[in-house]
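Participant: Fit chain E to the supplied structure of chain G, relying on the hints for placement.
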Amino acid sequence: MLEGLILFGEAVMLFGALGILRFPDVYTRLHAASKCDTGGAMSIILYLVLTMDAPGIVKAKFLVLAFLIAMINPMVSHALARGAYRYGVKPEAVVDMYAWDNP
Amino acid sequence: MAQEGLLVSAFYLLVFTALLVSYRVLRGPTLPDRVVGLNTITTKVVVIIALVAAMRGEYYLIDLAIVLLMVNSVGGLILAKYMERAGGA
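These protein sequences, in sequence, are chains G and E.
If you're matching positions, the first sequence starts at 12 in our numbering and goes up one per residue.
If you're matching positions, the second sequence starts at -13 in our numbering and goes up one per residue.
Just chain G, with the same shape it has in the complex (with noise of 0.2 Å):
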């Protein structure tokens, strides 16, 4: 039951970076970049403090841990999608869902 949690981030992670890789634009690479690599990281933090045997005090630790993931990771994001846009990289990808259900 726990073991599935490890290999959900696991899994997370490994399409987080396959997204970074064959994504065409920054601000798609940062969405798979801050989405799957934040859930991944929570999730295996979360097992880790589900499953061992150490004392309170350190499972506190791992979950501050995990809080300060959650917490900065998409901070970092939001400031980095501002930053390049002022620095004058253009979307690439066009999403037109209307186009593609009415040719």
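Derived from the structure by calculation, the hints contain no laboratory data.
Among the clues, some could well be false.
Claimed, not checked - Selected chain E positions facing chain G (Cβ under 8 Å, derived; list incomplete):
#, residue
1, -9
2, -8
3, -6
4, -1
5, 6
6, 9
7, 29
What the hints assert, rightly or not - Pairwise CB distance ranges, derived in the manner of DEER restraints:
#, chain 1, residue 1, chain 2, residue 2, range
8, G, 106, E, 44, 42 to 50 Å
9, G, 110, E, 42, 53 to 61 Å
10, E, 42, G, 99, 44 to 52 Å
11, G, 102, E, 41, 37 to 45 Å
12, G, 81, E, 73, 30 to 38 Å
13, E, 13, G, 64, 13 to 21 Å
14, E, 41, G, 111, 33 to 41 Å
15, E, 54, G, 97, 21 to 29 Å
16, E, -10, G, 110, 48 to 56 Å
17, E, 56, G, 64, 27 to 35 Å
As the structure is a computational prediction, the values presented were derived from the model and not from experiment.
Every residue, glycine too, gets a C-beta built ideally from N, C-alpha and C.
Facilitator: The following block gives chain E in isolation, referenced to the frame of chain G:
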């Protein structure tokens, strides 16, 4: 022990994905691509340090992981501010 093997396989898979992402750092077309790759690699290294700390039972490494995460956040914010100021790719 099956659980040890699971943690070791997670360690090797994280190292493999970090090597995959380093392609984007070395050969990214623009500066924001490289910064995104570097941020991702640092998050993976934080998780690797947490895994090693739990496997070997050396719990002082958690402080190292927390400090590395904070340094990564400050560096990312400073690079974003630099890109915002620089303008004009």
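Participant: Out of the numbered hints, which ones does the structure contradict?
Facilitator: 1, 3, 13, 14
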